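Assemble the whole structure, with the sequences as input and the hints as a guide.
Going down the list, the protein sequences come from chains A and B.
Start counting the first sequence at 98; every next residue gets the next number (the working numbering).
Start counting the second sequence at 98; every next residue gets the next number (the working numbering).
If you're looking for bench data, these hints aren't it; they were derived computationally from the structure.
No experiment lies behind these values; they were computed from the predicted model shown.
Among the hints, a few may not be true.
Which copy? The list can't say, so a pair holds if one copy fits it or any two copies do.
[Claimed, not checked] 20 Å max Cα-Cα, derived SDA-like pairs, lysine to any residue:
#	residue 1	residue 2
1	K114	P181
2	K179	V189
3	K134	Q161
4	K136	R165
5	K143	L192
6	K152	H164
7	K187	E121
8	K179	H164
There are 2 protein chains.
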Amino acid sequence: MGAQQVSGGGGACAACKHQRRKCEKGCELANYFPSEKMKEFKAVHKVFGVSNLAKLIKANSTEQARHRAAVTLTWEAEWREKDPVEGCYKEVQMLQCEIQRLREILARCTCGRSDGYRVVDYSNGYWGLGGGVVILKNNEQQVLVNGMSAWNQMM
Amino acid sequence: MGAQQVSGGGGACAACKHQRRKCEKGCELANYFPSEKMKEFKAVHKVFGVSNLAKLIKANSTEQARHRAAVTLTWEAEWREKDPVEGCYKEVQMLQCEIQRLREILARCTCGRSDGYRVVDYSNGYWGLGGGVVILKNNEQQVLVNGMSAWNQMM
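In structure tokens form, the structure reads like this:
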């Protein structure tokens, strides 16, 4: 992931190849969409369009940030191709399901603890709190786990 | 979230207002970006451009799907405004951190169980598996938790 210009020589970048134009030295998309990334370029082209894409990448000041922006924009575009309604929000929903599943397991797996400690999910905002996990000892609220430190102290 | 046309009458929709044009009856963005959604429209306009936006919304066949596409596209655009490098992938990263945190708590909170059951995180693919959580009894692997059914049987 260096800052070298990958095209401008023999092979046109995916952007120029797709648009059937000569890939000039200094082509602003060649670094992010070399010729082998045609599939990725087609996806971002369809979702953002070339001029928006170039603008969104150039909005970042370092070469590393621009590369990373190209990667995350490609990820968004590929999700939108797969799911035209939810796009990459689908991945968020899948992760939210996994969090819900882990909270349910967590709430159950502490039932058998011999020391009386129990972890209870309150992701629906029970107790007027914003959501998360609470630790009870003998059914009385002990401490909120916001990070591992409180839990580590207890264990 | 009905299918009624919200503009074409007195007030121009956010898209037409932003582009300083008359909002004609049948304006294809008026349903999704009424006049009060100017902030949201500016974000999607900046990230996708108007013609791409309209194309991405129209790619869906039902009015409900088109509305939902407008919502998820707005969510993507607002994240890209906040974070030009990661965009909405930032939210994925935050959820992945929460999953990691829950797995760590889960692995620890089962240490005190009197029945010998223990939950171990193997999200790094230990045991040649794809990642997830494993239940051990007296340090021997018992069952994979892929959903709650196996766990429910055990508990």
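Each hint, compared with the structure:
In this homomeric assembly, K114 and P181 never come within 20 Å of each other (Cα to Cα): the closest approach is 26 Å inside a single copy and 27 Å across copies. Proximity of K179 and V189 under a CA criterion of 20 Å is satisfied in both settings, with 15 Å inside one chain copy and 17 Å between copies. In this assembly of identical chains, the alpha carbons of K134 and Q161 lie at most 20 Å apart only when taken from the same copy (18 Å versus 34 Å across copies). Proximity of K136 and R165 under a CA criterion of 20 Å is satisfied intra-copy only: 18 Å inside one chain copy versus 26 Å between copies.
In this homomeric assembly, K143 and L192 never come within 20 Å of each other (Cα to Cα): the closest approach is 26 Å inside a single copy and 28 Å across copies. Only within a single protomer do K152 and H164 lie at most 20 Å apart by alpha-carbon distance; the minimum there is 13 Å, versus 27 Å between protomers. Taking CA atoms no more than 20 Å apart as the test, K187 paired with E121 passes in neither setting, with 38 Å inside one copy and 34 Å between copies. With identical chains, the CA atoms of K179 and H164 are at most 20 Å apart between copies only, with a shortest distance of 18 Å across copies and 23 Å within one.
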